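Enquirer: Based on these hints, arrange chain S on the given structure of chain G.
Protein chains: 2
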Amino acid sequence: MTGLTIWTYDWVPEGPRGFVRDLRLRWACEEAGLDYAIATVPFDGRETNHLDRQPFGQVPYLSDGSVEMFESGAGLLHIAGKSEALMPSDATGKAQTLQWTLAALNSIEMVTLPWWFLALSGDESSALSGWVAKRLYQLETVLAGREWLAADRFTVADLLMADVLRIPKVRSFGQRPASEAFVARLTDRPAFRKAHADQISQFEAADRTRAQATA
Amino acid sequence: MTGLTIWTYDWVPEGPRGFVRDLRLRWACEEAGLDYAIATVPFDGRETNHLDRQPFGQVPYLSDGSVEMFESGAGLLHIAGKSEALMPSDATGKAQTLQWTLAALNSIEMVTLPWWFLALSGDESSALSGWVAKRLYQLETVLAGREWLAADRFTVADLLMADVLRIPKVRSFGQRPASEAFVARLTDRPAFRKAHADQISQFEAADRTRAQATA
Numbered sequence: 001m002t003g004l005t006i007w008t009y010d011w012v013p014e015g016p017r018g019f020v021r022d023l024r025l026r027w028a029c030e031e032a033g034l035d036y037a038i039a040t041v042p043f044d045g046r047e048t049n050h051l052d053r054q055p056f057g058q059v060p061y062l063s064d065g066s067v068e069m070f071e072s073g074a075g076l077l078h079i080a081g082k083s084e085a086l087m088p089s090d091a092t093g094k095a096q097t098l099q100w101t102l103a104a105l106n107s108i109e110m111v112t113l114p115w116w117f118l119a120l121s122g123d124e125s126s127a128l129s130g131w132v133a134k135r136l137y138q139l140e141t142v143l144a145g146r147e148w149l150a151a152d153r154f155t156v157a158d159l160l161m162a163d164v165l166r167i168p169k170v171r172s173f174g175q176r177p178a179s180e181a182f183v184a185r186l187t188d189r190p191a192f193r194k195a196h197a198d199q200i201s202q203f204e205a206a207d208r209t210r211a212q213a214t215a
Numbered sequence: 001m002t003g004l005t006i007w008t009y010d011w012v013p014e015g016p017r018g019f020v021r022d023l024r025l026r027w028a029c030e031e032a033g034l035d036y037a038i039a040t041v042p043f044d045g046r047e048t049n050h051l052d053r054q055p056f057g058q059v060p061y062l063s064d065g066s067v068e069m070f071e072s073g074a075g076l077l078h079i080a081g082k083s084e085a086l087m088p089s090d091a092t093g094k095a096q097t098l099q100w101t102l103a104a105l106n107s108i109e110m111v112t113l114p115w116w117f118l119a120l121s122g123d124e125s126s127a128l129s130g131w132v133a134k135r136l137y138q139l140e141t142v143l144a145g146r147e148w149l150a151a152d153r154f155t156v157a158d159l160l161m162a163d164v165l166r167i168p169k170v171r172s173f174g175q176r177p178a179s180e181a182f183v184a185r186l187t188d189r190p191a192f193r194k195a196h197a198d199q200i201s202q203f204e205a206a207d208r209t210r211a212q213a214t215a
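Residue numbers (the UniProt record's numbering), protein chains in the order written: chain G, 1 to 215; chain S, 1 to 215.
Hints listed in this document are in silico derivations from the structure and should not be mistaken for laboratory results. Only a predicted model underlies this, so the values are computations on that prediction, with no experimental measurement involved. Watch out, some of these pointers could steer you wrong.
[Unchecked claim] When the alpha-carbon atoms are kept at most 35 angstroms apart in a straight line, the in silico DSBU-like pairs for lysine-lysine are as follows: (1) G/169 with G/134; (2) S/134 with G/134; (3) S/169 with G/82.
[Said to hold, decoys possible] Chain S regions said to be covered by chain G (calculated; three or more residues, Cβ under 8 angstroms): (4) 82 to 95; (5) 107 to 113; (6) 119 to 132; (7) 136 to 147.
A virtual CB, placed ideally from N, CA and C, is assigned to each residue, including glycine.
Just chain G, with the same shape it has in the complex:
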């Protein structure tokens, strides 16, 4: 594949549909108006069937000509480097965007995702709960004072933070009206809605293929 290609699973169960992280990359390409293709790796055997491309057995990964890369955050920064729509080119705007992109991954998701995982495993009141509360309310204070995280405009940092915050269990954590308005505003963008609908459609089409294969 010579153009920008986003790799994801060929199928996933209903639970994660709309949340598989290829959505972050689809959304970024839609915002930037970049052409991209979707390619797939089998969900069955995913733990080992693409370790040569993604050593943790996950998706997404990206190919772009001779460049191949995994980690959705890295893929986002790679795509953002192609478009002013995602990443301002001035030094201050770029630094702010980088800072909030990394904050989404390493200050918010680093706490919310393990907390969510523990809750899923039956531990609803882990010691992470207090940490989640603290970080989410600190972020609420930030979002109460501004429309966008960086550079007074939409950037890839908003896209990623909204994707981290829109996980239902995180979204419904406490009363955080500014954060809720932020998520609602971001996920109402046409580029998000297109990316989301495309991911759902892909997996629904795979349901039909799988049903035919076993018919």
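Expert: Below, chain S alone, put in the same frame as chain G:
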């Protein structure tokens, strides 16, 4: 301050000395041969005394002329953008470096840090243990096959991954000889040793200042 300045606490207790994340940024500057200054914010009152500079009340943050930014990962990428010593400038090398830098933060530290925090809170056998084991052994497989994570040479990705892996509780997790050799090799670099010694010295000097103030 007009040059590159790394902000950290004016003092910390003995426990975190040698591990406060300003070390990541010091280390990067030392590797790149960049001039930098250290500036401090009081440890006492840290939860609220610098929220205008770091909305989560943490350190480090960075100033570089008119640019200000927090998140150690973002600061590393900012510094890496100044020096080929940290980040190759060719497209493939840059993508690999970005990918492994983000993997250190969002695939490894996102699991190991909450796991460490839970253990510190008395929960030694949280459901995160299995996730930690899986990720660390997947990484061990990668490190068994190569000396450097990206581009067949030292990059900021090695620096960050080594800093994530050198936390004692993580470092001693299971038998992972390639990971141990990686951490030993990276932390034996003169730039790490200088950065580490400088951080320790700063906090030891602060001990003396505090002792005089209360004498």
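Enquirer: So, for every hint listed, does it hold in this structure?
Expert: Comparing the hints with the structure gives:
1. G/169 with G/134: Since the Cα atoms of residue 169 of chain G and residue 134 of chain G sit roughly 16 angstroms apart, the hinted pair holds (cutoff 35 angstroms).
2. S/134 with G/134: Roughly 28 angstroms separates the two Cα atoms, so the pair holds.
3. S/169 with G/82: It is violated: about 40 angstroms lies between the C-alpha atoms, which goes past 35 angstroms.
4. 82 to 95: holds (count 3)
5. 107 to 113: This one holds; 5 residues, not fewer than the three required, reach chain G with a Cβ under 8 angstroms.
6. 119 to 132: Since 7 is at least three, the answer is holds.
7. 136 to 147: holds (count 4)
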